[in-house]
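S.K.: Sequence:
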Amino acid sequence: MFFDYFHCILFKYYTIISKMAKNFTTRKEDYAKWYNELVIKADLAEYSAVRGCMVIKPYGYGIWETMQQTLDRMFKDTGHSNAYFPIFIPKSFFSREAAHVEGFAKECAVVTHYRLKNDENGKGIVVDENAKLEEELIVRPTSETIIWDTYRKWIQSYRDLPLLLNQWANVVRWEMRTRLFLRTTEFLWQEGHTAHATREEAEEETTKMLEVYATFAREFLALPVWKGRKSESEKFAGAVETYCIEALMQDGKALQAGTSHFLGQNFAKAFDVKYLDKENKQQFVWATSWGVSTRLMGALIMAHSDDQGLVLPPKLAPEQVVIVPIYRKEEDFEKVNEKALQIKEELKAKGIRVKYDDRDTYKPGWKFAEYEFKGVPVRIAIGPKDIEKGTVEVARRDTLEKAFYQATDLATKIEHLLENIQQNLYNKAMDFREENTHKADSWEEFKDTIENRGGFVLAHWDGTAETEEKIKQETKATIRLIPLDAKEEKGKCIYSGNESNRRVVFARAY
RNA sequence: CGGGGUGUGGCGCAGCUGGUAGCGCACUUGUAUGGGGUACAAGAGGCCGUUGGUUCGAGUCCAAUCACCCCGACCA
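In terms of my numbering, the first sequence has 38 at position 38, counting the first letter as 1, and numbering is strictly consecutive.
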């Protein structure tokens, strides 16, 4: 009976979803505006006084915190520990690895002085020119250099390996254009940095962590992702190989949601990190680094939300259920309040994150709208009529459907409902991705698909950087990744007509 | 750095050919309301981005300047 109910609404919601998806793709030009308004209205974040920097508000931070805790647990379960390294990096460290400095040089904030003073001509506070630093400090855009400089001191023997560390930190990249969560001047992230005795072990670590990210995306963000390898030109500055997960947003653009790099011995050589192996020989260590950032918040927002506001997967919602009491007279309130508190305790006992909103400064309708903006997965309303009938009204955010539930054993029903919502969000995102993944076998077909349909395009590529660059210039589409599980398939490059052994994934991207 | 746009109460905006600064939302108080953003009434709140010019008089015209936003180039 209970599950029959879900089956029937499943049908309804598919029609709603497909309409919604069309709605989004037909007004791509409004998408940025929709996104910005959503972030503000759902109370997630806003721009601060500092150019391109955002303030993450308590509600938005709550979601990030849940992501952090979940990922942190997954890192610990795979043998990693947390540590912390400085925010400043001496300029000389930064330039030790040639490709690395080349890749980041254009977007670095630099500290040149360490003191201010009162201006003698009354112009207020000015930089004290006498307090110029001998060597400038770079505000970290990523921490490889300072970490590898430290690892040199920590690693002597094969017994010190592997070294598996992660840090939760902020980094600064002075980008030209910013967007809330997707590309801000400062952002929060985690960066894992590991050192290994052998190439094989480091490569294994790289793919293992990519798998952790893909699992997190699937099970918590309710987001299906492609896993793959980056092309030469899209690689991380200083990496031998970059692996990534890519997700599809509702406007048909791809978003890189996480990266895992195999760094080879590049940083070990640049920072002289060696160990003595069992044969008493000096060897350079093998390295990886991997990270995800507050950009995941952007992915979460763009993947599931609709015109009514944010839609959160239950597993990441700071508040999974909100209870709204409805009453007119004081004596009604007492009964309703009693029932609501009882339900709250039942839900809490099941480990459900529940909020009882008994503020009498806002009306029920106002609260309904507010929790919809904020994407709370399930809303329970209780009024005098429910007290009489022994029911409650349950509304689910993903489908916007309402139903009356018998109040007996409510916690179990809600528990199932939350699981169901989590699964439905994933299914919906998966369906959307399937619908928006196309094959293209000719240049005309490719251009037409990128321009008019969007989404991922699977096409043959001759493997050269020149072709990749030309395609990018002519269509704005880039190679998002070379799929890990790609099947061998003979074909001709859509641009050059040269031989190709497998299809790669193209898309316009954030 | 190129191309376009905007600066007016907390937010979103109107203010034409110069003549006493306005609207909506939000805020405060009161009364009635309360199952989808309640209604009415009364309030509080503004060097019109900055500087200079034209004028008897500038939010409005002119010049300079600063800031922000959008579209490119750069990027997670």
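Keep in mind that the hints were calculated from the coordinates and are not lab data.
Any given hint could be a false lead.
The calculated lysine to aspartate or glutamate pairs, modelled on EDC-like cross-linking and capped at a C-alpha distance of 16 angstroms, are [as the list claims (entries may be wrong)]:
id, residue 1, residue 2
1, K348, E370
2, K315, E415
3, K117, E102
4, K227, E241
5, K348, D409
6, K339, D357
Pairwise CB distance ranges, derived in the manner of DEER restraints [what the hints assert, rightly or not]:
id, residue 1, residue 2, range
7, E134, A369, 20 to 30 angstroms
8, R177, E444, 26 to 36 angstroms
9, L116, T198, 28 to 38 angstroms
10, F88, P364, 47 to 57 angstroms
11, E444, E37, 35 to 45 angstroms
12, Y362, Y84, 39 to 49 angstroms
All C-beta atoms in this analysis are idealised placements derived from N, C-alpha and C, irrespective of residue type, glycine included.
S.K.: For every hint, state whether the structure bears it out.
M.R.: Results for each hint:
1. K348 x E370: violated (22 angstroms)
2. K315 x E415: Since the Cα atoms of K315 and E415 sit roughly 11 angstroms apart, the hinted pair holds (cutoff 16 angstroms).
3. K117 x E102: violated (35 angstroms)
4. K227 x E241: Since the Cα atoms of K227 and E241 sit roughly 13 angstroms apart, the hinted pair holds (cutoff 16 angstroms).
5. K348 x D409: holds (13 angstroms)
6. K339 x D357: Holds. K339 to D357 sits at ~13 angstroms (cutoff 16 angstroms).
7. E134 x A369: 20 to 30 angstroms: For E134 and A369 the Cβ distance comes to about 58 angstroms; the hint is violated.
8. R177 x E444: 26 to 36 angstroms: Cβ of R177 to Cβ of E444: about 32 angstroms, so the range 26 to 36 angstroms holds.
9. L116 x T198: 28 to 38 angstroms: For T198 against L116, whose Cβ atoms are near 51 angstroms apart, the range 28 to 38 angstroms is violated.
10. F88 x P364: 47 to 57 angstroms: Since the Cβ atoms of F88 and P364 sit about 52 angstroms apart, the hinted range of 47 to 57 angstroms holds.
11. E444 x E37: 35 to 45 angstroms: Between E444 and E37, where Cβ atoms are some 37 angstroms apart, the hint holds.
12. Y362 x Y84: 39 to 49 angstroms: holds (41 angstroms)
The structure shown violates the earlier hints numbered 1, 3, 7 and 9.
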